[in-house]
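Protein chains in written order, with this note's numbering: chain D, 1 to 127; chain Y, 1 to 139.
Each hint should be verified, as a subset may be incorrect.
As the list claims (entries may be wrong) - 27 Å max Cα-Cα, derived BS3-like pairs, lysine-lysine:
{"#": "1", "chain 1": "Y", "residue 1": "48", "chain 2": "Y", "residue 2": "68"}
{"#": "2", "chain 1": "D", "residue 1": "99", "chain 2": "D", "residue 2": "115"}
{"#": "3", "chain 1": "D", "residue 1": "37", "chain 2": "Y", "residue 2": "68"}
{"#": "4", "chain 1": "D", "residue 1": "115", "chain 2": "Y", "residue 2": "123"}
{"#": "5", "chain 1": "Y", "residue 1": "123", "chain 2": "D", "residue 2": "37"}
{"#": "6", "chain 1": "D", "residue 1": "119", "chain 2": "Y", "residue 2": "68"}
{"#": "7", "chain 1": "D", "residue 1": "99", "chain 2": "Y", "residue 2": "75"}
{"#": "8", "chain 1": "D", "residue 1": "126", "chain 2": "Y", "residue 2": "126"}
{"#": "9", "chain 1": "D", "residue 1": "37", "chain 2": "Y", "residue 2": "126"}
{"#": "10", "chain 1": "Y", "residue 1": "48", "chain 2": "D", "residue 2": "99"}
{"#": "11", "chain 1": "D", "residue 1": "115", "chain 2": "Y", "residue 2": "48"}
Said to hold, decoys possible - Facing chain D, a subset of chain Y residues (Cβ under 7 Å, in silico):
{"#": "12", "residue": "5"}
{"#": "13", "residue": "83"}
{"#": "14", "residue": "85"}
{"#": "15", "residue": "127"}
By construction, these hints were calculated from the structure, which means they are not laboratory data.
None of these values were measured; they are calculated from a predicted model.
Note that beta-carbon positions come from the ideal geometry of N, C-alpha and C, so glycine has one too.
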Amino acid sequence: MSDLSLMSLAMQKAEWLAARQAIVAQNLANANTPAYKARDLIPFEAVLQTTGFQMASTHAGHLAADGTTGGAPALAKTVSRAEATANGNNVSIEGEMSKLGQTTGQYALTTSIIKSFHKMIMTSLKA
Amino acid sequence: MTDLLLSAIKTSSSGLEAQSFRLRTVAENLANAQSTGSSPGADPYRRKLVTFGSEMDRITGAELVRVKSVQTDPKPFQLEFDPGNLAANQQGYVKRPNVNMIVEMADMREASRTYESNLQAIKQAKEMISMTIDLLRST
């Protein structure tokens, strides 16, 4: 059933993209709020490496987890750019707009992947 | 867990609300740019300033934006020599409102730019939701 992990991977990516959309919307809404600092999610690649359940190994004889991913994507927020305007706000509207475009594009890609994967499953079922 | 895309739309709409309030204040300032006092020596219209603040939304956990306070600009009024004016004091000077047209126009442009970007964020979130619904439709 390892092929189905593609589906769960795509779902995780979609969830991460939705979370990112929410963060970008928050940055844009607070583009004029004094002392507000822009936030971003940790990159999806990093999320993939950290969210798998990892068993603690305190002894050389302990078995390692097989590295399958699971759990919800970590929605850790990090403060990005350092430069700020006089009121302490560091949101760049242009930067956020470009992130917005990227997010929508990647979401389209992800949903198409889910769609075509589903089509493949249906083909094999009908054959 | 609530829907992240719906929370994005909610956050953006709070931004729209805050920016339109700001635009309204700019319009008030511009409309009253020439409003002098009605009695001799009286203070004219004082420019209004809007301050924003973030507010945590307890349901979605997102930080919405709210109008924190409306203050008046403490900048001194300009005096203009106009003895014929109703609001002129004994020396013949009239206090003019402390509204600077250029500053207001810049403020207006910034407010409308931020409004537009929030609107775009709502559009994109709606598009993402409809892409998700499309998954059901075509297969």
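Please verify whether residue 48 of chain Y and residue 68 of chain Y have alpha carbons no more than 27 Å apart.
holds (13 Å)
Need the status of pair residue 119 of chain D, residue 68 of chain Y: alpha-carbon distance at most 27 Å?
violated (51 Å)
Satisfaction of hint between residue 126 of chain Y and residue 37 of chain D, Cα-Cα up to 27 Å:
holds (26 Å)
Measuring from the C-beta of residue 5 of chain Y to each C-beta in chain D, is the shortest one below 7 Å?
The hint holds - residue 5 of chain Y has a Cβ within 7 Å of chain D, the shortest such distance being about 5 Å.
27 Å limit on alpha-carbon distance, applied to hinted pair residue 99 of chain D and residue 115 of chain D:
Distance ~24 Å between residue 99 of chain D and residue 115 of chain D Cα, so the pair holds.
Quickly compare the C-alpha distance for residue 115 of chain D and residue 123 of chain Y to 27 Å and report which way the hint goes.
Between residue 115 of chain D and residue 123 of chain Y the Cα gap is close to 22 Å, so the pair holds against 27 Å.
For the restraint on residue 127 of chain Y, tell me whether the closest CB of chain D is nearer than 7 Å.
holds (6 Å)
With the threshold set at 27 Å, check whether the alpha-carbon distance from residue 115 of chain D to residue 48 of chain Y stays at or below it.
At roughly 53 Å apart (the allowed maximum being 27 Å), residue 48 of chain Y and residue 115 of chain D break the hint.
Pair hint outcome, residue 126 of chain D versus residue 126 of chain Y [Cα-Cα no greater than 27 Å]
violated (34 Å)
Please work out if residue 48 of chain Y and residue 99 of chain D have their alpha carbons no farther apart than 27 Å.
Violated. Residue 48 of chain Y to residue 99 of chain D sits at ~34 Å, over the 27 Å cutoff.
Measure nothing beyond the straight line between the CA atoms of residue 123 of chain Y and residue 37 of chain D; if it is 27 Å or shorter, mark the hint as holding.
Roughly 24 Å separates the two Cα atoms, so the pair holds.
For a C-alpha distance cap of 27 Å, please report whether residue 99 of chain D and residue 75 of chain Y respect it.
violated (39 Å)
In this structure, the earlier hints numbered 6, 7, 8, 10, 11, 13, 14 are contradicted, and the remaining ones agree with it.
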